[in-house]
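There are 2 protein chains.
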Amino acid sequence: MLEKTPTTRVQAFLDRFGKALETGKTDEAASMFAEEGFWRDLVAFTWNIRTMEGRGEVRDMLNAQLKSVKPIGWKVAEGEEAAEADGVTEAWITFETQVARGYGHIRLKDGLIWTLLTTMAEQKGHEEKAGFTRPLGAKHGHGKDRKTWKEERDDEVAELGVSRQPYCLIIGGGQGGIALGARLGQLGVPTIIVEKNERAGDSWRKRYKSLCLHDPVWYDHLPYIDFPKNWPVFAPKDKIGDWLEMYTKVMELNYWPSTTAKKASYDEKAGEWTVVVERAGKEITLKPKQLVLATGMSGKPNLPKFRGQDVFKGEQQHSSAHPGPERYRGKKVVVVGSNNSAHDICAALWEGGADVTMVQRSSTHIVRSATLMDIGLGALYSEQAVANGVTTRKADLIFASLPYRILHEFQIPLYEQMRERDKDFYDALEKAGFMHDWGDDGSGLFMKYLRRGSGYYIDVGACDLVIDGSIKLKSGVGVKELKEHSVVLSDGTELPADLIVYATGYGSMNGWAADLISQEVADKVGKVWGLGSATTKDPGPWEGEQRNMWKPTQAENLWFHGGNLHQSRHYSQYLALQLKARMEGIPTPVYGLQQVHHKA
Amino acid sequence: MLEKTPTTRVQAFLDRFGKALETGKTDEAASMFAEEGFWRDLVAFTWNIRTMEGRGEVRDMLNAQLKSVKPIGWKVAEGEEAAEADGVTEAWITFETQVARGYGHIRLKDGLIWTLLTTMAEQKGHEEKAGFTRPLGAKHGHGKDRKTWKEERDDEVAELGVSRQPYCLIIGGGQGGIALGARLGQLGVPTIIVEKNERAGDSWRKRYKSLCLHDPVWYDHLPYIDFPKNWPVFAPKDKIGDWLEMYTKVMELNYWPSTTAKKASYDEKAGEWTVVVERAGKEITLKPKQLVLATGMSGKPNLPKFRGQDVFKGEQQHSSAHPGPERYRGKKVVVVGSNNSAHDICAALWEGGADVTMVQRSSTHIVRSATLMDIGLGALYSEQAVANGVTTRKADLIFASLPYRILHEFQIPLYEQMRERDKDFYDALEKAGFMHDWGDDGSGLFMKYLRRGSGYYIDVGACDLVIDGSIKLKSGVGVKELKEHSVVLSDGTELPADLIVYATGYGSMNGWAADLISQEVADKVGKVWGLGSATTKDPGPWEGEQRNMWKPTQAENLWFHGGNLHQSRHYSQYLALQLKARMEGIPTPVYGLQQVHHKA
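From first to last, the protein sequence lines are chains H and R.
Residue numbers in the first sequence follow our numbering, run continuously in steps of one, and reach 611 at the last position.
Residue numbers in the second sequence follow our numbering, run continuously in steps of one, and reach 611 at the last position.
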């Protein structure tokens, strides 16, 4: 008799689960979940990105989707073994639907599903050509007037967007647009990426000179080509810029630099967009079926309004337009804001010999970089994780398997550890007058990122300058008004200033849609980003997934893509599969399209 | 008691072997080899690339080197298990020398060493910064006027070769120079690569338009950045060109395009080269300590002399200068030669609508591409090999572990299989009048490559055109003379011709040294390439390794580097370590510096 290993036990469970699904017993399938169980689906079942919370939501989804999805073949993934620890059995799983192959992850507790992740890996008959199926390249055999690779590529470059329309148009050629463009290219979806800058990578190159990634290399890989072993942990901005540029080239993306999207409108009857772009000074009208905004998850710059902004005789910039410290040696600079950009800019200005004051209007969450790497990311994204066999793909999926509803519960203890480890640091920071918080529920940086995309700084050195007074700090005050050569604060302090930097963040991404399409469409889509956690800057009701990101919106064939490098990499897979299915005419019944609760 | 596994048995053997070496018992160590055993060393013991054949040569080497090398710590490599099959036990091994860490491979037969491979992996205290030791990138902390990565890189580009001399100068920026430059960069050896073309990759781009790699992707990776999973099996030339260009950029090589080396001389007293280069029209004098010629293993084009070459009114080109078929539609072309280039050019000309005749003067070895991939390379370099855990590094080392003296014995049965598999093809080819051979001893293509670097064609389709007469064939004849509009063959046939392509191969690489330095130095170095196998075009005496490649030559601080992508990748590691050691002042006593038996 076979020994009952965790793997055989999970397989037996999957057999039962699969049978319930195959026979349409949705109640039975739902009852195999814990009362507080979760099913997170990335496209495979819902043609959406959705988390079903509890048995009722699982059953409702199955009742709606099961007939079209037709899942079969649930297995513990080949080459993997289930593992047991602390009463939880977990395993990598594979399954098939009528149109796709899926990969996923399951956690069982007391014989019931605690978490289930299902993801679409590839569509049957539309698999990427890679590994055993990679293209031959050389054209063996012979034929008169055959075209070479280069001739075919030159033809594609010359024709796409001119005599032949792209199926998909991506506005914005940063890492988001590039990663998605690469995936679509591999799936054979004709795609153009338009980018306002002159070169791929310029969206990094053009930022302030001391900028480096705040996320470490293991978290930052693009699809298909990993950074090499000698790549720095935190890549400097120009180096990332160069990498993106080379990536765009070797992945053969149809990338239009120096191109601005001017206007877009959707013809519902034709199911087609009309997008006017200006390419190197010339207007071109494109007619894609799908339009993706990848213009930066940060949205448009927030510029605060203060009395006297028209009176002030010095320079005023949003942080996104700050050129770096060179021009400001010996100058007096006031930086309004206290999050990542504010800190980075203050430190670089101080290093460059400016006199800098940071105006902190509300509290900020700080984590030291090394601590965040060790405690926050180390288990999934680190050299040690790689050595332990946690590939980037696995790390992404493990991360994706944790339901947002309970993610803060996993995060809180990590941040308690950080607080402990860096106690002296936080004490010094508070002694310097800095207003510090850990998020509304103590869940720290990553939850702030997911909920509001702001409100923190990953300390790479600026805090010491705040602590020792090199960067002057005015905290707990607002800006009352500007005078000709100064900033007057709410407590009456007057700060002489040659330059004011507004490190005041960004609006919601649907602001881009308002500019490009119409306010009406932007309102129809609603706020982009956030979970609906009812914490600061992330108003409820609970939505359970990032609003409007990487999934269908209320505006037909309009999509939002982006995020950090991790998200650009991971979610581009699912967005690409959604677009590919639509191009191929595969039915894509969307389950649970999000409602709009906030316009921005 | 421990079970006696192959691993524990190999470890026990290594313990004995290590002890004999540690105690200076060279006779005892030598006696642990089979009478016909081999020790191939890549730099670790000999500071050379040498194969010791039989106990006497092993003992002699140890007597000369042991005192300085001081090897210790012989182990079966961590995470590896020894394997037994057909009476041979083999294992991956690690060891240390006084200055380095080594990696190797051992095969035991009847309790004695049949083959031993020792390679230098890294020098102690000079390890590459990668993985756990990768650079941080961002400069955490703070400091006034710190330079960014880009500023430092810009400084390096501006200074190296201008106000600061490179330690190493590489002439030739194809895959050879690029791979070596990348390794040296990672080891912190200041290096400039000069390349006559305008862009990295042009040495591929500028060749005839239908050219694709004849070696498959798994064999072709560069160091540090593997080709992605979607990369074609046989990359088209322009795609490889683009990859090399991006690689040069992201690996931060100091690559000078549009630069020609004009003249070089060596000052023995100063231990320094003076090299005059012309960079974008301006002469610059460089003073490197080490000079590497990576100008192509093919050496300078061989142009045959025929009576009437001054009379012929059409075009005459060496194959290396052939621009592709576009200009020759409807023209009559005679291609002199029947190896790879001749076939590729004939096929492309036929496809492009030219009337082509191939003049075959001597017999050629043909292997069909798919057959070569399956039978010749599949075990080490294929998708299946990757799936079996044979990484590129392991494949390179397994390949390196087979001594050249007996390599043909491994090859002959493979080519017998190929002959069997493609019998109908060879019959048809011979029926078409094509003169075919399998190498002097039936050992086929790879041995021809190692021995003479020529004499074969990997069939990707041209043979069918020869067989069906689309490419006209004249074989067993020479060229008697050229007339104004024709080529007269030795059998009296007169072929009308608008273009003559001389696909007549290349000379020895030391021809480059004659041009750049002096005939005297070229003669001192002698013939480059070949094993001394006493087969056609590879005259004896037996040398046992590729002459003058990747190792010290008779000319101090003059090196030759290159070969196919596999060799450029693998041997660049050992050449880079030899150069690094010299820069660091690590003693590098060279054992068994090769003698010169042939001047070219």
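Since the hints were derived computationally from the structure, they do not count as laboratory data.
Do not rely on the hints blindly, as some may be mistaken.
Put simply, identical chains are the same to the list, so a pair is met inside one copy or across any two.
Unchecked claim - Below, computed lysine to any residue pairings styled on SDA-like, alpha-carbon distance capped at 25 Å:
| no. | residue 1 | residue 2 |
| --- | --- | --- |
| 1 | Lys343 | Ala398 |
| 2 | Lys311 | Pro17 |
| 3 | Lys494 | Glu92 |
| 4 | Lys78 | Gln22 |
| 5 | Lys161 | Ala381 |
| 6 | Lys442 | Ala23 |
In this text, all values refer to a predicted model and were calculated from it rather than measured experimentally.
* At most 25 Å between C-alpha atoms: does Lys161 with Ala381 qualify within a copy, between copies, both, or neither? -> between (46 Å within a copy, 23 Å between copies)
* Asked: How would you classify Lys78 and Gln22 at a CA-CA limit of 25 Å: within, between, both, or neither?
  -> Result: close within a single copy only, 24 Å intra versus 60 Å inter.
* Asked: What label fits Lys494 with Glu92 when the C-alpha limit is 25 Å: within, between, both, or neither?
  -> For Lys494 and Glu92, neither the intra-copy (68 Å) nor the inter-copy (76 Å) Cα distance is at most 25 Å.
* **Identical-chain pair category, Lys311 with Pro17, by Cα at 25 Å** => Neither, since 50 Å and 65 Å both go past 25 Å.
* Please work out whether the CA atoms of Lys343 and Ala398 approach to 25 Å or closer within one copy, between two copies, in both situations, or in neither? => Answer is neither; intra-copy 48 Å and inter-copy 61 Å both fail.
* Give the relationship of Lys442 and Ala23 under a CA distance limit of 25 Å: within one copy only, between copies only, both, or neither. => Intra 58 Å, inter 63 Å, cutoff 25 Å: neither.
When held up to the earlier numbered hints, the structure conflicts with 1, 2, 3 and 6 and fits the remainder.
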